[in-house]
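Chains A and B are the protein sequences, given in the same order.
At position 157 of the first sequence (counting the first as 1) the number is 161 in my numbering, and the numbers step up by one without a gap.
At position 36 of the second sequence (counting the first as 1) the number is 40 in my numbering, and the numbers step up by one without a gap.
Any given hint might turn out to be false.
A pair counts as met if it fits within one copy or between any two copies, since identical chains are not told apart.
Unchecked claim - Each computed EDC-like pair below joins lysine to aspartate or glutamate, with the alpha-carbon atoms no more than 16 Å apart: (1) K130 - D224; (2) K115 - D259; (3) K249 - D157; (4) K266 - E245; (5) K249 - E262; (6) K48 - E274; (7) K249 - D275; (8) K93 - E274; (9) K49 - E159; (10) K26 - D91; (11) K93 - D157; (12) K39 - E80; (13) K117 - D157; (14) K39 - D166; (15) K130 - D166.
Hint data in this document are derived by calculation from the structure and do not stem from the laboratory.
2 protein chains.
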Amino acid sequence: MFKQLGVIGCGLMGGSFALALKRAGLVKWVVGYSKSPSTTERAKKLGVIDVAAESALLAVSGSDLVLLAVPVSATEATFKAIRHLGDSKTLFMDVGSTKRDVVDAARRVLKDKIRNFVPAHPIAGKEVAGVEHADAQLYQGRQVILTPLQQTDPEQVQRATDVWSAIGCQVLRMTPENHDAAFAAVSHLPHALAFAYFNAMVSQPAGREFLSLAGPGFRDFTRIAASDPTVWRDILMSNREEVLKQSQRFRHALDAFEHVLKSGNLEALEDLIRHASTARASWQMSSRPGSQR
Amino acid sequence: MFKQLGVIGCGLMGGSFALALKRAGLVKWVVGYSKSPSTTERAKKLGVIDVAAESALLAVSGSDLVLLAVPVSATEATFKAIRHLGDSKTLFMDVGSTKRDVVDAARRVLKDKIRNFVPAHPIAGKEVAGVEHADAQLYQGRQVILTPLQQTDPEQVQRATDVWSAIGCQVLRMTPENHDAAFAAVSHLPHALAFAYFNAMVSQPAGREFLSLAGPGFRDFTRIAASDPTVWRDILMSNREEVLKQSQRFRHALDAFEHVLKSGNLEALEDLIRHASTARASWQMSSRPGSQR
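All chains, please: the whole structure from these sequences, using the hints.
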């Protein structure tokens, strides 16, 4: 399907994409670049990429598919580094967890080449970062959100849809604005709450002792609190308006709990819990058969 | 070890205790009572209990070990129903997730029989309630906290320690006050936060649509939001002072996140996240080898 994949950012997401495309026979070879030369070398040693490029520009040169898998905050600088290359048919995609900022950066830098850029957000990840955790199955059975713009070439949107489908994703389309509002609610706020909860927990005098008593509920509730600090710094900051809106909603819901606890209203407390419990029990994660997680 | 186990409340916790003791050969037979006769019958049909008792008092009669596995709010009424029975050597235990209220009820009702009561809290559970989910392995590899009082007979504390150890638990001792403070932090507040988060999520206009996009992080973060409403109503209400204290600490930690997001201070945001992420990554659940969950 593709001759050469250029991966900029050979970490968990970029590395897993390369492995998945190789395994599916969708690409002949992979050229990779990471800011840190040792990461690029490791990716080559692990067989995640075939050729280590010395710059982002060299990873784009000759590629008919380019994946930007850099921290969201590095997107604009990466666009600037590569804007002069790519023939008129090269498909560019990213994997960022926020989309408005990526689209804004693309508009500023790519100018007319923006028609070849299809912003993408695969709903997949691990709490461990780095190319050594790259996994050909990471995207299998997961959703991927594409947020094409009016100027995006429909043919490129179709190619993007095909490649994600071919590695096992369910492909959805949304506007960048709706995407960011939705993910503030279902992902970014939960991360902020889990981080804040863990900080509150360990900063109290008996915190360490308490931790030794925590069980499976705690383990699952706080799993996302172990997420990568630089990745989540960028996500929370670049989507902060929506995150703060969701935080406000959450505070109102927490107010309601505190209010019924203070008033001792057992029935009202049960109603609040039942509302959440019923809704959660009927929820199921959207995924295809064959999902690994 | 025991001749007859009397179980009051044949649900998930009581039923699992009965199955675990039977499997370990620690008890000859089990007499069970539940408020709902259909539950008692179901427990008998499933082989969780051997004899269905028609009252709590009849479940205690002839038992040398009695487990109260009723909602925390029903503890005092249950003590009242059984206070006239049990010979001088019968060991009484409960499995409540809060301990100060249970101990207070025991003091009020049991009088001098309180010496045979060893308050217990096994750190185990499932999001599904009911005797049909009872599981002989539920307590395997888990911690159990005993909160004996000054008046508790040390011999009974030893017997309690032995029986929980024999079914695979690691036995710890704490005061009821320390227990309730610790579990407000590691269990009760996370439940309240997960309930509140889910309510905030589903009560917004696009909530249902957002839910369809949620992934594995959301799934784990909200797992405890599906917990049983009557069980958790009782736990949160009976430990509300400690829960409200923890909620206050959490709000301060959330304030800090909102503050750095509003100020746009990327470095301070990364510091907050790194603090949580490092602490969570180094945490491991205390459990014995052979733990099933």
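Up to 16 Å between alpha-carbons, please classify K39 paired with D166: within, between, both or neither.
For K39 and D166, neither the intra-copy (29 Å) nor the inter-copy (58 Å) Cα distance is at most 16 Å.
Using 16 Å as the alpha carbon limit, work out where K49 and E159 are close: within a copy, between copies, both or neither.
The answer is neither: 35 Å in one copy and 63 Å across copies each exceed 16 Å.
Checking an output row: K39 and E80, CA cutoff 16 Å. Within, between, both or neither?
Within. Shortest intra-copy distance 14 Å satisfies the 16 Å Cα cut-off; inter-copy 65 Å does not.
Taking 16 Å as the upper bound on the Cα-Cα distance, should K93 and E274 be classified as within, between, both, or neither?
neither (59 Å within a copy, 38 Å between copies)
When no copy is named, should K249 and D275 be tagged within, between, both, or neither for a Cα gap of at most 16 Å?
neither (25 Å within a copy, 22 Å between copies)
Should K93 paired with D157 be assigned to within, between, both, or neither, using CA atoms and 16 Å as the limit?
Classified as within; 10 Å inside a copy, 82 Å across copies.
Indicate which option fits the pair K249, E262 if close means a Cα-Cα distance not exceeding 16 Å: within, between, both or neither.
The answer is between: 10 Å across copies meets 16 Å, while 20 Å in one copy does not.
If the cut is 16 Å between Cα atoms, do K115 and D259 qualify within a copy, between copies, both or neither?
Result: close neither inside a copy nor across copies, 47 Å intra and 40 Å inter.
Which holds for K26 with D91 at a C-alpha limit of 16 Å: within a copy, between copies, both or neither?
neither (22 Å within a copy, 73 Å between copies)
One pair to classify: K266 and E245, alpha carbons no more than 16 Å apart. Within, between, both, or neither?
between (31 Å within a copy, 8 Å between copies)
Check K249 against D157 for me: Cα-Cα at most 16 Å, and say if that holds within a copy, between copies, both or neither.
Close neither inside one copy (33 Å) nor across copies (55 Å); limit 16 Å.
Is it within, between, both or neither when you check K117 against D157 at 16 Å Cα-Cα?
Intra 10 Å, inter 81 Å, cutoff 16 Å: intra-copy only.
Of the numbered hints stated above, those contradicted by the structure are hints 2, 3, 6, 7, 8, 9, 10, 14 and 15, listed in ascending order.
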